[in-house]
Each structure stands twice: as structure tokens, then as C-alpha cells.
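First to last, the protein sequences are chains A, B and C. No gaps in the numbering here: position 198 of the first sequence is 220 in the working numbering, and each next residue is one more. No gaps in the numbering here: position 331 of the second sequence is 353 in the working numbering, and each next residue is one more. No gaps in the numbering here: position 249 of the third sequence is 271 in the working numbering, and each next residue is one more.
Worth flagging that the hints you see were computed from the coordinates, not collected in a lab. Worth double-checking, as some hints may not be accurate.
Note that identical chains are pooled: a pair holds if it fits in a single copy or bridges any two copies.
[What the hints assert, rightly or not] Below, computed lysine-lysine pairings styled on DSBU-like, alpha-carbon distance capped at 35 Å: (1) LYS85 / LYS67; (2) LYS284 / LYS67; (3) LYS333 / LYS356; (4) LYS85 / LYS225; (5) LYS73 / LYS85; (6) LYS317 / LYS73; (7) LYS225 / LYS32; (8) LYS32 / LYS85; (9) LYS225 / LYS73; (10) LYS333 / LYS44; (11) LYS362 / LYS317; (12) LYS333 / LYS284.
Listed below are the residues making up each chain.
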Amino acid sequence: MSYDLRYLAKLCGAELCGDPEKVIAGISSLERAAEDQITFCLDSKHLEQLKATRAGAVIVNNKIAEAVNGNALISNNPHLAFAIVAQALHPPAQEAEGIADSAVVAVSADIAENARIGPNVTIESGATIGENVQIGAGSFIGADVVIGNGTRIRPNVVIENRCEIGSNCLIQPGAVIGGDGFGFARNGDAWEKIPQVGRVIIKDNVEIGANTTIDRGAIEDTVIHQGVKIDNLVMIAHNVEVGENTAIAALAGIAGSAVVGKRCSIGGQVGIFGHITLTDDVVVAATSLVRRSIKEPGVYSGSVYADRLDKWQRNHARLVELDSLARRLIRLEKEYSNDKE
Amino acid sequence: MSYDLRYLAKLCGAELCGDPEKVIAGISSLERAAEDQITFCLDSKHLEQLKATRAGAVIVNNKIAEAVNGNALISNNPHLAFAIVAQALHPPAQEAEGIADSAVVAVSADIAENARIGPNVTIESGATIGENVQIGAGSFIGADVVIGNGTRIRPNVVIENRCEIGSNCLIQPGAVIGGDGFGFARNGDAWEKIPQVGRVIIKDNVEIGANTTIDRGAIEDTVIHQGVKIDNLVMIAHNVEVGENTAIAALAGIAGSAVVGKRCSIGGQVGIFGHITLTDDVVVAATSLVRRSIKEPGVYSGSVYADRLDKWQRNHARLVELDSLARRLIRLEKEYSNDKE
Amino acid sequence: MSYDLRYLAKLCGAELCGDPEKVIAGISSLERAAEDQITFCLDSKHLEQLKATRAGAVIVNNKIAEAVNGNALISNNPHLAFAIVAQALHPPAQEAEGIADSAVVAVSADIAENARIGPNVTIESGATIGENVQIGAGSFIGADVVIGNGTRIRPNVVIENRCEIGSNCLIQPGAVIGGDGFGFARNGDAWEKIPQVGRVIIKDNVEIGANTTIDRGAIEDTVIHQGVKIDNLVMIAHNVEVGENTAIAALAGIAGSAVVGKRCSIGGQVGIFGHITLTDDVVVAATSLVRRSIKEPGVYSGSVYADRLDKWQRNHARLVELDSLARRLIRLEKEYSNDKE
Chain A
23 MSYDLRYLAK
33 LCGAELCGDP
43 EKVIAGISSL
53 ERAAEDQITF
63 CLDSKHLEQL
73 KATRAGAVIV
83 NNKIAEAVNG
93 NALISNNPHL
103 AFAIVAQALH
113 PPAQEAEGIA
123 DSAVVAVSAD
133 IAENARIGPN
143 VTIESGATIG
153 ENVQIGAGSF
163 IGADVVIGNG
173 TRIRPNVVIE
183 NRCEIGSNCL
193 IQPGAVIGGD
203 GFGFARNGDA
213 WEKIPQVGRV
223 IIKDNVEIGA
233 NTTIDRGAIE
243 DTVIHQGVKI
253 DNLVMIAHNV
263 EVGENTAIAA
273 LAGIAGSAVV
283 GKRCSIGGQV
293 GIFGHITLTD
303 DVVVAATSLV
313 RRSIKEPGVY
323 SGSVYADRLD
333 KWQRNHARLV
343 ELDSLARRLI
353 RLEKEYSNDK
363 E
Chain B
23 MSYDLRYLAK
33 LCGAELCGDP
43 EKVIAGISSL
53 ERAAEDQITF
63 CLDSKHLEQL
73 KATRAGAVIV
83 NNKIAEAVNG
93 NALISNNPHL
103 AFAIVAQALH
113 PPAQEAEGIA
123 DSAVVAVSAD
133 IAENARIGPN
143 VTIESGATIG
153 ENVQIGAGSF
163 IGADVVIGNG
173 TRIRPNVVIE
183 NRCEIGSNCL
193 IQPGAVIGGD
203 GFGFARNGDA
213 WEKIPQVGRV
223 IIKDNVEIGA
233 NTTIDRGAIE
243 DTVIHQGVKI
253 DNLVMIAHNV
263 EVGENTAIAA
273 LAGIAGSAVV
283 GKRCSIGGQV
293 GIFGHITLTD
303 DVVVAATSLV
313 RRSIKEPGVY
323 SGSVYADRLD
333 KWQRNHARLV
343 ELDSLARRLI
353 RLEKEYSNDK
363 E
Chain C
23 MSYDLRYLAK
33 LCGAELCGDP
43 EKVIAGISSL
53 ERAAEDQITF
63 CLDSKHLEQL
73 KATRAGAVIV
83 NNKIAEAVNG
93 NALISNNPHL
103 AFAIVAQALH
113 PPAQEAEGIA
123 DSAVVAVSAD
133 IAENARIGPN
143 VTIESGATIG
153 ENVQIGAGSF
163 IGADVVIGNG
173 TRIRPNVVIE
183 NRCEIGSNCL
193 IQPGAVIGGD
203 GFGFARNGDA
213 WEKIPQVGRV
223 IIKDNVEIGA
233 NTTIDRGAIE
243 DTVIHQGVKI
253 DNLVMIAHNV
263 EVGENTAIAA
273 LAGIAGSAVV
283 GKRCSIGGQV
293 GIFGHITLTD
303 DVVVAATSLV
313 RRSIKEPGVY
323 SGSVYADRLD
333 KWQRNHARLV
343 ELDSLARRLI
353 RLEKEYSNDK
363 E
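Produce the entire structure from the sequences given, and follow the hints as far as they go.
In C-alpha cells, the structure reads:
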């Protein structure tokens, strides 16, 4: 899409310094932007590139605005302004209108007239598909699933029966919503399956990454609250609850019945034990393992960083005898202290 | 489904205290159960909820049975009894009968008459699909695959050619069985692919989680024995063997040719090196990395737990100089000991 | 396929000791090979099995060649020779010729005449599919995607719009190429999506594992260079660049804008921070977390190995007070040193 700067400035609430008639056709980076593209600069670290850019306009805050040679959009939150402008210039790809001939849709499914259903999609009985919903090729929508207005589902997604997806969500390819939770009872040496009869409830404005899996609840539901953003290959187990606007990075795993608060930031490859609660505004650093409930907001970490192998091996060799070293230290302190007395 | 308590008690081998005619229509939790629902209570920690429940019946052991106000099913293993009752009350969703019109089935595939093949499924030549098998929408069954009686495959699963799945298995959506193992030979700086000609053999009563991947063997087979339960997003590499009734939690990875024994419990995000053996009855704690064979049953861990960032950073700073600290301790011990002599 | 040893020796550049007319029909292991199968032996550790094998031929280096009782193919790089022979004997399964009736192909897509498009595939407008490309059942090829000659895509793969795949690549089932990067701007407590308008560019001879996800760039592209081999369930974030012939094991995660050099080896479950650079020829041990750029080739590790739980718990208890222990050691050193003066 193309818009002039007058429109874009108004759209994102920025002050325009420059030519309001200038037409912009897309976003780019400071280094690569062409004359019909807009870019952004967040801080003075990139002043050189900012001065040199050939972009048709740059979104900046007022501290660095004077470094802009051409057109500037001045905003208190240039990153947000850029997101809004970019959304306007690059609307998401649309499925073709209507229901593809190759889609298999149950007669009892209730599909909004303007919903777009891609090729080879399967929609089972009783499903409800809201206004302007788009469902990508090869996706599966189980019986009695509800999908809210404006939600976009990319190809080869699976949403198992009775799950509910809110409005304006975006589900990346290959995600699985509502697979069975991992619940079994011991039967001698073997395991007996416990049917997982809960659902997954996803509220509005949630994004779910590619090949992420969110299991349905055992009895009650797994709940992902409004505005949550989940990256790729994340595992959310049965009966987990994730609070509003929390972000979860790739390959993280949250075990059964854990509750994660609002506005949390869960790093990549983090593990969170089951049946614990993280309060609001908790940040967990990448690869850390959270074993106990966290009651205070703040940053938590157990990340061990890679070092040169020979150095790490020497340290690791001490780590596995650390208790013994500590005991020797304590004994030495005692002996020394006794001597002095 | 609905059954009376006489039937359900007999089904799960429990002693019935109460009204044998009472009709039960589903499972629920102690807190939420309605009068036509059954629930369970495993221990005295939930006595308050047990006394207050409005459930139509509660499954308990005889130690807490007297706390039940209404109908009770008394069992030595209430969790197992609950699983069995829940299975009866909540049978899995069924695919529609027969083969969907949109499924593409090779003429030479051998499909049991009562098998149910969902929409947009592909079944290649020579595949054998057993009695009462159900294959969900969009799944792919490669050439010469064998699927045993009663196995259920959820949507968008891929089973590559020649793999064998036992009876009464359950494969969650998006799982990939029989992709190529990660096998390459060095060719100067580059890698030359080694064709992976083994298969994946999955025995009876195995459950495989959503988006989990199990690679085919390089020459011989990857084998998952009877009763194994695998959670979501698990990686099982080529030529791994997993023993009977072992459970593997989400995001765990087992490298090539590793052998995991029977009745093991592999925690979430665990890594297991290739070409090692874990004996039977080994428990590995979440996120631990197993580098060497384990010959003794027991619990193993290398889990580092998250702490407040400032505290962890101070400890981590010492960890990366731990060998040097240990040497200083040893030197101090020596000097002190020499002084005393 | 079947070939005689004369042909196979020439194919892999090996010296043939034995019967050039001997016909070989497949590969196997030293222990299991039948008379019409070929196998290999890399070192003297398996001399017993080498002497006992019933294989029709064995590929070896000249150091152990004399231990072969039957036919031998002698090569400087027996592993590579075996790979080449195995490729000839076990060519990959072929899709049926042409375009499956159930495939949904946009009129404007440009598909080579000898490309093979499987059942229930969707190919969107403007896509270009090269010579001898094979696309497995249920895969999705987005608008304007380009796929180079000879590339094979297994079932249920998703390649989002505008991404480019080189020649002779192999993409395992369920992989997702070109999903949106995880990019959001803060909007008060909420997140505003930043459209991800870059692409994924995959060069020639790349293999991508099952259910692996490679996100498209935010503005510029995510690039996977020639000869890279990526295992299953790997996460490659937006704007990452992976250098030629690097191998990445399962469940590894590489965060946004990281650059990994050539010929690197990234272990299973490794994490690599965003916006850092790993130079060429870096090896990162399994589960290690790389936080800073690595400028020197070599092996890096932060792997903590599992130990018996009781032992590990004692060491872990000291780890979380390590800074305090170190301070006590330093104080003791000082006091002792002062005393001696």
C-alpha cells in the first residue's frame, strides 16, 4: 500500500517535519531504505546511519530529530509509531474470498459470510467461524471450535474440538491447539490414559508461533489471556494459565497447572515447573529453570553461559565436588579461628 | 456417555458405598463437579473440598472414604480407577465412518473395512491400516506403512514410508514419525547425506505428543517399545531405543543410538547423549543433560534453578573462576598445614 | 537399486579388491549385512565384526583393509564413500509424476514440467517450482515462493510467501519456513505487531529437519547459506544468518539477528543470543548458552552434566551460595597472610 506522510503521521500520532505530500510505499532499514520507503531510528547509537539514510522519511523521537536530513515523523514512542505505520503499509496477505472448493466444511459449521477458508481445510461439525476470519490451507478446525472475528490462522494449523480462539488473534503455521494433555495414571508398570476433557481458551489479540503446542486441560481449561505473544516451538501444558500481555520466547516449556502472571517475559528455552505461580511482571532469563513460585516481580536467572571448553571443563570438575570444597573451607575457617583463640 | 454407579464401580474394580442407580454423565473436579458428575480425591490434603463437593460420586481410597458425604467408589488405586471411569464416560471423538471423499488412497493400500479415514488424508501404496484405526484430517501415511488395530492418529500427522505403528496407539497432531535421521559424512568442508534406510517401529499402546519427531534409523530401526508415553515437541533421533512404559516429557531430546531402559521417567527439556545406555527405572530431572551411561536405577539431576538475577550473577561470576578458587583453597590448606607442623 | 562393485568403486573413487562382477543391492551394518549388501568399517575398534561379517563388500581405509575376508572397497574417506554408494543403492522415494489431481495450484504459478506435486498440496499465485522438484502431500507453497531445481519437500511442510529455497535442498516433514518473526513494539502494557516483511533465503544443498521453524526477517532477510544441515525442532529467528556447511542439532534455538559462521557445529538444545556473531569453525557443546560473540574458532561449553540427585543437590546448595563461599575464602587468605607478616 502507499500513503502520504500527512496520513501516516496522523495514523501513528506523530508530528510531521517535512513534506506532507510525500508518498511512502513501504518500510525498510536506515541503510537500505529507498526514497519511497520509511524507516525509524530509536537512539543516538545509529546517528551516522541516520544522517546518511536515503529514506523518504524517518520516525524518531525529539532528541535525535534534528539529525534527520529529510522528512521526519517525531513520536514519543517511535518503535510503536513504526509498528503502526508498517501495519498500514504492509497489510497481511489475504486468503482468496469465500470457501475454497477443496475445503471440507461440515454442514452444521457456522461460517461468517466474509470468512476466507483456504484450500484443503477441514472444518468439523458445530464449529463457529467469525467475521473476517481467515484460515490457511490444510488447517484443521475441530468440532464445536469457536474462532472470533478477525482472527487469522496460517496453513497446517490444528485446533482440536471445543477449543475457543478470541478475536484478532494470529496463529502461525503448524501450531497445535488443544492436543491432549500428558495425563496418565499408574497401572502397575504401565500407564492408563486419563481422558483430557478440558479445553484451550485463547482470548483476544494473542499471537501463537509456528509449531507451538498448547494442550487442552485435563478437567478444567488451559487459558491464554488477552494480548499474550508466544513464539515458535513453545510447549504449554494442560491447565496452564498465562496472564495478559505476557511474552514467551521460543522453545520454552511450561508444565501442567503452572500460572504465569501478566506482563511477564519468559526467555527462550526456559522451563517452568508445574503447579507453581509466577506473579505479574516477572522476567525469566533464557534457559533458566523455575522450580518454585515467584512472588516478587523482577528478573530471575539460572543461565550458565558457555566458555572455552578447557576452561569450562576445569570449572565443571570443581562444580561436581563443590560441596566437598565448601566443607573444606568451613573446616579450615574453624581450625584457623580456633588457633587464634 | 452416561452410566450408573453400579456399572462404573464394577468397571474400575471399586467398592461402591451409596446409590447403585445413581447416573453419572461425566467427570469434573472436586470444586466444580455437578450432581451428575464423578470426581476423585487422592489424599487428605483436599479434605475440605472433599467434604464440600456436590459431585454425584467421589473415587477415594479407604483412608479418606469416611469423609465422603455422598456416594463413594473406594479403590486401592483411585487415580487408576478414575482414569478407567473417565475413559468410559468420555470416549474419544470419532472420525466419520468410512473413507472421506477428499482422502487420496492408493489402490494397493490395504484398509480395514471399519477404519475411518478423515478428509484430505493421503495414504500411499502398500500401506496397511488395521481394524478400527482412525486417521485424522490432513495426515500422511507413506508407502508400506503398517498401522495396528485400534490406533488413532490425529490431524496433520506424518508417518513416512515403511514405518510400523502398533495397536491402540495414539498420535497427537503434527507429530512426524520416520523423517530422515541426521546422518552426514564429511566431504571436505561440506556434508554428504547418508541415506537413512532404517525404519521407526512403534509397539502397542504408545502415545506420541503433538509436533514430536521420531527419526527413522540409519541402517537398523528406531524402536519405541510398548506402553511408552511421549509428550509434545520431543526429539527422538535415529536408532534410539526406548524401553517399555518409559515416559518422556516435553522438549526432551534423545541423541542417536541412545538406549533408554524400561519404566524410566525423562523430564522436560532433558538432553541425552548419543550412543549411551540408561538402565531401567532411571529418573532424569527436568533440563538435565546426561552424558554417560547410567547403570544404577535412581534419580539423576543437573538442574540449575533460577534465582534473583543479582544473586545469580554474583554466583555465576564465581562459577566461571571456580577452578581458580578451588586451587587457592587447596594452597591455603597446604600452607596452613605446613605452618602447624 | 542394484549395481556391481566395479560401478560402485568407480562411483565413490575407491580401489576395489575382489570381484568386480559382484552385485550389491543395498546397505547394511557389519553385523546384519547379507551377501548382496555392502557395509563399512571406519576403524580397528570393530575388527571382530569386520572379520565376521557376511557382507558382499566392505568399505574400509587401507589401514584395516587386510582384515577384510571378502570384497573390499578401499577409500581414503570410507564414510564419504559409503554415503555415495548408499545414495546410489537407495535413491529417495519419488512422488508420482505430474501434479496430483487433489493439489490446488494457482494458474499463475510456474511449475516445471517434470516437477512432481503430491496430493492435497497448495501452491499459491506466482510461485516458481524448478526442474525435478518434488513436493510432498499436504505441503503449502505460498505466493511468489521460488524453489530451485532438484529440491525435495516432504509432506506437510509450510513455506510462506516470497521465501526462496535453493537447488537440491531437502526439507523434512512439518518444517515451517517463513513464519513471522517475533517482533512487537510496546504499546503501554500491550504489544503492537511489527509486520515482518523480510524473507527466508535458503541456498543450495541445505537440509532442514522435521518440524523445524525458520522465521522470515523483519525488514531484511533471514539467510541460510549453502550446505547447512539443520536437525529437527530447531528454531531460527528472524534475520539470523547461518554460514556455509554449518550443522545445527535438534532443539537448538538461535535468537534474532545472530550470525553463525561457516563450518560451525551447534549442539542439541544450544541457545544463541540475538545480535551476536560466532566466527567460523566454532563448536558449541549441547545445551550450552552463548551470550556473547565468539571471535576465536574452537570448542565452547557451558554444559552441566547430570549426577546422582543427592550428590547434585549438595553441590547445587553450594552453587547458590558460591559468592559467599568465595568471599569467605578471600577473607581467610587475607587474615592468614596478615598473620604471617
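Evaluation of the provided hints:
In this homomeric assembly, LYS85 and LYS67 come within 35 Å of each other (Cα to Cα) only inside a single copy, at 12 Å, whereas the closest approach across copies is 59 Å. Taking the shortest Cα distances, LYS284 and LYS67 sit within 35 Å of each other both inside one copy (32 Å) and across copies (29 Å). Within a single copy, LYS333 and LYS356 get their C-alpha atoms as close as 31 Å, and across copies as close as 24 Å, so both meet the 35 Å cut-off. Neither within a single protomer nor between protomers do LYS85 and LYS225 lie at most 35 Å apart by alpha-carbon distance, with minima of 38 Å and 42 Å respectively.
Proximity of LYS73 and LYS85 under a CA criterion of 35 Å is satisfied intra-copy only: 14 Å inside one chain copy versus 65 Å between copies. Within a single copy, LYS317 and LYS73 get their C-alpha atoms only as close as 47 Å, which misses the 35 Å cut-off; across copies the closest is 30 Å, which meets it. In this homomeric assembly, LYS225 and LYS32 come within 35 Å of each other (Cα to Cα) only inside a single copy, at 29 Å, whereas the closest approach across copies is 42 Å. Proximity of LYS32 to LYS85 under the C-alpha cut-off of 35 Å is restricted to the intra-copy arrangement: shortest distance 20 Å within a copy versus 70 Å between copies.
Within a single copy, LYS225 and LYS73 get their C-alpha atoms only as close as 43 Å, which misses the 35 Å cut-off; across copies the closest is 34 Å, which meets it. Proximity of LYS333 to LYS44 under the C-alpha cut-off of 35 Å is found in neither arrangement, the shortest distances being 58 Å within a copy and 53 Å between copies. Taking the shortest Cα distances, LYS362 and LYS317 never come within 35 Å of each other, neither inside one copy (44 Å) nor across copies (48 Å). Within a single copy, LYS333 and LYS284 get their C-alpha atoms only as close as 40 Å, which misses the 35 Å cut-off; across copies the closest is 24 Å, which meets it.
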